[in-house]
Amino acid sequence: MEITPDIFIFWQWQGLKINATIAITWLNMLILIAGAWLVTRRLRREGRLSRWQNLLEVLVSGMEEQIHDMGLAPPREFLPFLGSLFLFVLFSNLLSVIPGYVAPTGSLSTTTALAICVFISVPLWGVQRRGFIGYLRMYIKPSVFMLPFNIMGEVSRTLALAVRLFGNVMSGSMIAGILLSIAPLFFPVLMQLLGLITGVIQAYIFAVLAAVYIAAGAQMEQQREQQVQG
Amino acid sequence: MLIDWFTVAAQAVNFLILVALLKRFLYGPILRAMDRREERLVVRFAEAESKLVEAGQLEEQYRGLLQELEEARGVKLRQVEEDVEDQRRKLIAAAKEEAAEVRRAWAAAIREERESFFTELKKRVGGEMLKIARKSLGDLANTELEQLMVARFNERLAELRSDEREQVALAACDRGVLVRSPFALPDQLRQRLADGVRQALGPSVELNYQDQAVMPLGIELTVGGLKLSWGVDSYFEQLEQEVAVLYDGQASVSAEACL
Numbered sequence: 001m002e003i004t005p006d007i008f009i010f011w012q013w014q015g016l017k018i019n020a021t022i023a024i025t026w027l028n029m030l031i032l033i034a035g036a037w038l039v040t041r042r043l044r045r046e047g048r049l050s051r052w053q054n055l056l057e058v059l060v061s062g063m064e065e066q067i068h069d070m071g072l073a074p075p076r077e078f079l080p081f082l083g084s085l086f087l088f089v090l091f092s093n094l095l096s097v098i099p100g101y102v103a104p105t106g107s108l109s110t111t112t113a114l115a116i117c118v119f120i121s122v123p124l125w126g127v128q129r130r131g132f133i134g135y136l137r138m139y140i141k142p143s144v145f146m147l148p149f150n151i152m153g154e155v156s157r158t159l160a161l162a163v164r165l166f167g168n169v170m171s172g173s174m175i176a177g178i179l180l181s182i183a184p185l186f187f188p189v190l191m192q193l194l195g196l197i198t199g200v201i202q203a204y205i206f207a208v209l210a211a212v213y214i215a216a217g218a219q220m221e222q223q224r225e226q227q228v229q230g
Numbered sequence: 231m232l233i234d235w236f237t238v239a240a241q242a243v244n245f246l247i248l249v250a251l252l253k254r255f256l257y258g259p260i261l262r263a264m265d266r267r268e269e270r271l272v273v274r275f276a277e278a279e280s281k282l283v284e285a286g287q288l289e290e291q292y293r294g295l296l297q298e299l300e301e302a303r304g305v306k307l308r309q310v311e312e313d314v315e316d317q318r319r320k321l322i323a324a325a326k327e328e329a330a331e332v333r334r335a336w337a338a339a340i341r342e343e344r345e346s347f348f349t350e351l352k353k354r355v356g357g358e359m360l361k362i363a364r365k366s367l368g369d370l371a372n373t374e375l376e377q378l379m380v381a382r383f384n385e386r387l388a389e390l391r392s393d394e395r396e397q398v399a400l401a402a403c404d405r406g407v408l409v410r411s412p413f414a415l416p417d418q419l420r421q422r423l424a425d426g427v428r429q430a431l432g433p434s435v436e437l438n439y440q441d442q443a444v445m446p447l448g449i450e451l452t453v454g455g456l457k458l459s460w461g462v463d464s465y466f467e468q469l470e471q472e473v474a475v476l477y478d479g480q481a482s483v484s485a486e487a488c489l
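Protein chains in written order, with the working numbering: chain F, 1 to 230; chain A, 231 to 489.
What the hints contain is simulated information worked out from the structure, not anything from laboratory work.
It cannot be assumed that every hint is accurate.
Partial pick of chain A residues on the chain F-facing surface, computed with a CB cut under 10 Å [to be verified]: (1) ILE233; (2) VAL238; (3) PHE245; (4) ILE247.
From the three backbone atoms N, C-alpha and C, an ideal C-beta is built for every residue, glycine too.
Start from the sequences and build out the full structure, keeping to the hints where you can.
Next up, the structure:
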């Protein structure tokens with residue numbers, strides 16, 4: 001049994017290759033972008049809204065509200081990054097109910113790529129908000145001796161972020177495959193439904209943890225407290 | 231090896247492309263549409279608020295106007311009622327006055343008519359009676375009415391009480407006697423009348439005659455302010471009184487019917 005779609009290589013030339021993970025990711029991107037374009041090309045600004053526009057507005061405004069609740073302000077600055085994380089993971093996980101579809105999030109390479117994006121975005125926003133020195137000073141708090149632990153924590157949480165999503169999605173596929181061989185009638189269906197719930201929860205967890213890390217890096221809470229006190 | 235670093239790099243790039251495309255095709259348009267709608271809603275809410283305030287002011291203004299109108303209407307109504315009452319009183323007074331005027335005019339007309347009627351009645355009855363008496367006396371006794379009248383006058387003169395006769399005689403000696411009759415007395419009758427008068431009042435009494443006097447049938451003797459007469463006048467007066475009583479009764483019944 002394969003535990004990663006990376007091994008299905010469709011095209012390879014020297015170091016470059018197109019495997020199932022990349023191809024399905026492109027497919028996901030295509031569906032997401034095409035769907036968004038189809039809905040947003042005819043947006044109504046007043047009167048009765050279309051169902052799809054209503055759905056997207058609820059989705060976008062819900063994500064914006066969640067980001068705001070995390071303490072990230074202004075939410076619209078973080079919405080494209082965090083919202084895309086959530087949508088990409090969610091879409092990949094939900095489509096996995098289709099037989100023959102292999103979720104790109106079941107590949108450790110994909111989850112690692114997403115975790116690295118979060119890993120890089122944390123210092124970017126941290127430096128932007130607190131300055132380079134201010135951000136680096138965060139690693140020697142509360143004392144200089146905490147520097148290695150802080151660095152290890154930063155790396156390990158990125159690793160955990162990647163492995164958590166990969167493990168959950170991969171385990172779902174694995175369990176479905178194992179149950180299919182043991183009890184081929186009803187259990188796989190139930191497990192697939194459970195996999196849908198797990199997929200939605202994992203997408204939410206991934207996006208929320210990314211938001212929390214970014215907020216911690218930018219020390220939004222402290223800034224907000226200072227503003228309140230000031 | 232579960233991690234393929236080329237795939238990691240490709241997926242990272244893919245994700246960044248996805249972020250850019252979603253920002254272009256999803257978040258941007260949706261957020262802009264929501265913002266515009268929100269702005270429009272804010273504007274509309276502000277408009278609604280201002281219109282609400284305006285409506286409140288208008289309501290207050292119209293309520294005031296309505297109250298003023300109501301008060302003015304009450305005042306006007308009272309004034310009109312007073313005017314109507316005043317006018318009603320005036321009209322009733324005018325109607326009463328007019329009715330009284332009509333009644334007075336009617337009464338005056340009746341009175342006038344009655345007087346003219348009686349005057350005419352006296353004339354006609356007198357004339358008719360004179361004719362009848364003359365004719366009947368002529369037919370029955372072959373005596374002219376004048377003779378009988380003179381004889382009757384002399385008898386009445388002789389029947390006067392002594393005090394009355396003295397009073398009349400005293401006046402007759404000073405001023406003479408005027409004899410009035412509706413017909414011309416012949417000399418024979420004048421002589422008989424003068425004899426009767428002188429016998430009653432004294433021999434030196436001067437007699438003057440006035441014929442064709444406007445008076446009923448009879449002979450009248452005027453001595454200064456005294457007047458002595460005999461004729462049908464007294465009967466006429468009695469007849470007149472009876473007719474007047476009858477006439478008044480009939481007039482009152484007609485007047486009640488008119489009112």
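The hints, checked one at a time:
1. ILE233: holds (5 Å)
2. VAL238: At about 5 Å, which falls below the 10 Å cut-off, the nearest Cβ of chain F leaves the hint on VAL238 (chain A) intact, so it holds.
3. PHE245: holds (6 Å)
4. ILE247: holds (7 Å)
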